Amino acid sequence: MNSCGDAAEPRLPDPREAGAAAVEVLGEVLGLVRPTGVRRVRIRTRQFDVDVVWERPAPSHGVAVGNGHAPGHLPTPVGQSVSVTAPAVGVFHRCPAQGEPPFVDVGSRVAAGDRLGLVEAMKVSTPVIAPHAGTVSGIHAGDGEVVEYEQLLVELVPDEAAPPRSGT
Amino acid sequence: MIGTLMICNRGEVALRIVRACRELGIRSVVAHSSADRRSLPVRLADDSVCVGPAPPDHSYRNIPALLYACARAGADAVHPGYGFLAEDPDFAAACRDSGLVWVGPPPEHIALLGDKIATRSEMRAAGLPVLPGTDRPLTDVADALRHARHLGFPVALKAVAGGGGRGITRSDTPDALAEAFPRIRDASRALFRDERLYLEKWVEGARHVEVQVLADARGGVVHLGERDCTTQHLNQKVIEESPAPRLSTQHRRRLTDWAVQGARHLRLRNLATFEFLVAEAGESFFTEVNPRLQVEHPVTEARSGCDLVTWMISEAAGADVPLHQDRVELRGHAIEARITAQDPRRDWAASAGTVTDLELPGGPGIRVDTWLTPGTRVPPHYDALLAKVTAWGPDRETARRRLLGAVGEFTCVGVRHNAPAVTAVLDHTDFADGRHRAGILEQAWTTR
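Chains A and B supply the protein sequences, listed in that same order.
Here the first sequence is numbered in the UniProt record's numbering, starting from 1 and rising by one per residue.
Here the second sequence is numbered in the UniProt record's numbering, starting from 1 and rising by one per residue.
Note that these hints are calculated values from the structure, not bench results.
All figures in this text were calculated on a predicted structure; none of them were measured in a lab.
Any given hint could be a false lead.
To be verified - Going by beta-carbon spacing under 7 Å, a handful of chain B positions derived as facing chain A:
| no. | residue |
| --- | --- |
| 1 | S34 |
| 2 | V49 |
| 3 | C50 |
| 4 | V51 |
| 5 | G52 |
| 6 | P64 |
| 7 | A65 |
| 8 | Y68 |
| 9 | A71 |
| 10 | R72 |
Unchecked claim - Simulated restraints, written as ranges between beta carbons of each label pair:
| no. | chain 1 | residue 1 | chain 2 | residue 2 | range |
| --- | --- | --- | --- | --- | --- |
| 11 | A | V106 | B | G375 | 36 to 44 Å |
| 12 | A | Q98 | B | A126 | 53 to 61 Å |
| 13 | A | E145 | B | R448 | 56 to 64 Å |
| 14 | A | C95 | B | R96 | 27 to 35 Å |
| 15 | A | R109 | B | G353 | 41 to 49 Å |
| 16 | A | A97 | B | D135 | 49 to 57 Å |
Using N, Cα and C, we set each Cβ at its ideal position, and we do this for glycine too.
I would like the entire structure built from these sequences, with the hints used as guidance.
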């Protein structure tokens, strides 16, 4: 009897099983849904299972309003700034492509929903999105740096009148 | 040589590996989910990397994220612990291909031993007494019924890719088997992404006895004795002990010889556990091999004095760790109890919450492995293991009494746990006499 129970959790299909072909398919799907602002895409096959939440940071990460630091990181005391954290583990890109100017610099004015950078893992890029209109007050990860999940990437000082972005 | 070891796990096993690293002078890094950010292993490790949100498929089982974490931390080796990706040959191969030392048996062995039919045929070739069963995946219900009639009911219908007590069902009649077949096939496809099934003869009232084996790169193989893991709840082990009670010296010798023989046949490396069923009549059958560290390894450490975790890290790092059976000395008796966040008073429902008060046992011969501290949040996403309490004594009765006292001292407020049921088993006359069989937990709990 294989009654040696060390792992009680069921093994479910998951995104890491996506092979090269799957990554290609995913790229195409993302290309299709990107202009639509779709909030969630779920691709489920026997081999892999991909969830994409688009253009809106999940409530558990991505945005922290407060004294300017993400959980688990040293505080950077900045008035009422907003921390934008990494949506995934991967390589942080400050520029849309090599040789192009960065999405933002310190002092850049951004609108809610603007891209602040990209986190790329296994050829899949996840955008880092501004949750508010405001001014970039700090960039805390270098271009090409491998960042951890929920690592502080960018700080924003929101425009006073601008309410937090809630839709797509 | 390993400079930095990435620990791709959580809870007590992550902490166990952090401590082993400290002893070996290796920098430890824990890859963790956002739910475990403030957990004890993350705080005690030299460094940590958050690899994703709480659901394990997005963090502890997310191979790309774990590999990026290794790059970020400058790790040169990976310890998978148990559960999660410990028996995933793709992860082991991905680590090796990325130039990381894999602490455990190589991916080829993990792949072979994850296929229960292939393992059965290899072990038969090695001369082990394999449990009667089918040697090819069952094609359909009719095929299953034909084989079951040949084997004789009851039979166990099992997933070829199964393990850890999942993907097994007992069938007593042809009708029950015909009903179970599609259900287990669907469950197996969902759980393991492999719908192949096979049959084994059901062994009534069997004891579950396993043998710990160590194997080095030069082909040296030793065993560190056996562990009896008969006390289980829904195929999950609860109490483990060594030596197995009421097992003759010759019988014990046969099991350990078979395990060594099997490991030599496979040219196994690092460490593994060979599992056997010991029938009431005294016959023994091989069932499976687990190519990883086991939860219950402290039982073996208590008797052998061998630190299995530092040993497996050193072996994987290529250190010269010669093995000699005649230098293995097994002393006294050890019993381990798993304290899990399950409430026996509420039908064993899992419990999550924040630990508000915690008192841990102590005293002669007591070892406690836990990741709990006052204030620890036990998240609902993971395995229910809270603590392992292991008692050693010069004889079984001393170890049993020490463990009974220690489990009684265990106080954890905020999360409901199974300690009352563990106490009921340790106190039960069948357990005290070493006569207990499968079902002892339910029996002891209902008659307490």
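Hint check results:
Look at S34/B: its Cβ gets to within about 6 Å of chain A, closer than 7 Å, so that hint holds up. Restraint check, V49/B versus chain A: the minimum CB separation of about 5 Å is within 7 Å; hint holds. The criterion of a C-beta within 7 Å of any C-beta in chain A is met by C50/B, whose closest approach is roughly 4 Å, and the hint holds. Checking V51/B against chain A: minimum C-beta separation of about 5 Å stays under 7 Å; hint holds.
A least Cβ separation of about 5 Å between G52/B and chain A falls short of the 7 Å threshold, and the interface hint therefore holds. Restraint check, P64/B versus chain A: the minimum CB separation of about 5 Å is within 7 Å; hint holds. Interface hint at A65/B: satisfied, since its Cβ lies 4 Å from the closest Cβ of chain A, which is below the 7 Å cut-off. The criterion of a C-beta within 7 Å of any C-beta in chain A is met by Y68/B, whose closest approach is roughly 5 Å, and the hint holds.
For A71/B, the interface hint holds, since its Cβ comes within 7 Å of a Cβ in chain A; the closest pair sits about 5 Å apart. With 7 Å as the threshold, the beta carbon of R72/B comes within range of chain A, its nearest partner Cβ sitting at about 4 Å, so the hint holds. Restraint check, V106/A to G375/B: a C-beta distance of roughly 38 Å satisfies the suggested window 36 to 44 Å. A C-beta distance of roughly 55 Å is found between Q98/A and A126/B, which places it inside the suggested range of 53 to 61 Å.
For E145/A and R448/B, the hinted distance range of 56 to 64 Å is satisfied, since their beta carbons lie about 57 Å from each other. The given range of 27 to 35 Å is respected by C95/A and R96/B, whose C-beta atoms sit roughly 33 Å from each other. Taken as a hint, the range 41 to 49 Å holds for the pair R109/A and G353/B, whose Cβ atoms sit roughly 45 Å apart. Restraint check, A97/A to D135/B: a C-beta distance of roughly 56 Å satisfies the suggested window 49 to 57 Å.
Violated hints for the displayed structure: none, as all numbered hints are satisfied.
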